[in-house]
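**Student:** Sequence:
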Amino acid sequence: MKIGLRTIKTAVSATLAMVVAGSLGLLYPASAGIISVLSVTNTKKTSILTGLYRLLSLALATGIAYICFTLFGFNPVAFGIFLLLFIPSAVYFKLSDGIVVSSVLVTQYLVEKNLSWAFIGNEFLLMTIGVGFALLMNAYMPDAEKRLKEDQEVIEVMFRKILNNMAAYLNQHGKERNLFEKCDDLKAFIRTGETWAKTHAENHLLSSDDYYLNYFTMRRMQSNSLKDMLRILEKITVEPEQVESIQQLLEYTAETFAETNDGQAILDRITQVYDVYRKKELPKTREEFENRAQIFQLLQVFHSFIQIKAEFSRHQNEKAL
1 MKIGLRTIKT AVSATLAMVV AGSLGLLYPA SAGIISVLSV TNTKKTSILT GLYRLLSLAL
61 ATGIAYICFT LFGFNPVAFG IFLLLFIPSA VYFKLSDGIV VSSVLVTQYL VEKNLSWAFI
121 GNEFLLMTIG VGFALLMNAY MPDAEKRLKE DQEVIEVMFR KILNNMAAYL NQHGKERNLF
181 EKCDDLKAFI RTGETWAKTH AENHLLSSDD YYLNYFTMRR MQSNSLKDML RILEKITVEP
241 EQVESIQQLL EYTAETFAET NDGQAILDRI TQVYDVYRKK ELPKTREEFE NRAQIFQLLQ
301 VFHSFIQIKA EFSRHQNEKA L
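UniProt numbering puts the sequence shown at residues 1 to 321.
Don't read these hints as lab results, they were simulated from the structure.
Heads up, the beta-carbon is just placed ideally off N, CA and C, and yes, glycines get one too.
Hints may contain errors.
What the hints assert, rightly or not - For lysine-lysine, the following BS3-like pairs were computed, each having C-alpha atoms within a straight-line distance of at most 30 Å:
#1 K280 / K235
#2 K198 / K319
#3 K198 / K161
#4 K44 / K146
Stated by the list, open to error - Beta-carbon label-pair distances, calculated as ranges:
#5 V91 / I67: 33 to 39 Å
#6 I3 / A30: 18 to 24 Å
#7 Y211 / K235: 33 to 39 Å
#8 G25 / G4: 32 to 38 Å
#9 Y140 / A118: 32 to 38 Å
Start from the sequences and build out the full structure, keeping to the hints where you can.
**Tutor:** Here it is in structure tokens:
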């Protein structure tokens, strides 16, 4: 059995919340522990937002409960009316995260038949202590940057292999049929990286660190273009020498494919390949014409594929200035 860091944080924060609430003489100190359990999240940002929303939700719930219990008394019917009003109100004000916790605390008003300022303060202290210890535990988050860099390297290796396989396929040196599966595997790996990158960004509260999230988004967009290129590639049936320049372009891209490559040199080569085909003899048959059209379409998609990286690099350079 493996005990994760979040589990340890949850257990410690709940224990401390209950001890502190009990030592302050608050009623229902166990509630502080439960609130803490529900408030330990995966990132610092979500923990802070969750805590804030729950405090606001409790304020809304207390106001509605005061009206309902004052008009209808402390009974189940009044609590039902409270829920009918509170739940849609919380949803409207985007405080849905606090519905369950606030409703539980309102039942304590019902049980105690007490809506005095002192008891309301008791409930807000329970919420504050529970949320506070959850935030304290989440002040430490392991740095995911090492993993993100490793994922970048793996993704770039996967791109290189697919591009080399495409070059071999185009030049009839290889007929690998599982390129679509490899592209799907690449996209799935990128999505995992995006999840880690989002967590990494949300753990930097005082600074904006969205580089990795933007990087993985850029690579996902490129993987979509890569799949479009594969679909076109399957339709091209020409002699190897007729696509030699594109094959060399793909191989060069695979060799130079890296995080630091801004794509400008490859874009220049794409322009050169366009010129090569413009100078070739015009197609004489329908089949030759269709193949030439597919080749130009492949070049267009490939240009978009590289342009995505070029735009990413330009944007990062502008941010660095």
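**Student:** State for each hint whether it applies.
**Tutor:** A quick look at each hint next to the structure:
| no. | hint | in the structure |
| --- | --- | --- |
| 1 | K280 / K235 | 20 Å, holds |
| 2 | K198 / K319 | 19 Å, holds |
| 3 | K198 / K161 | 27 Å, holds |
| 4 | K44 / K146 | 19 Å, holds |
| 5 | V91 / I67: 33 to 39 Å | 19 Å, violated |
| 6 | I3 / A30: 18 to 24 Å | 22 Å, holds |
| 7 | Y211 / K235: 33 to 39 Å | 38 Å, holds |
| 8 | G25 / G4: 32 to 38 Å | 34 Å, holds |
| 9 | Y140 / A118: 32 to 38 Å | 35 Å, holds |
Hint compliance for this structure: hint 5 alone is broken.
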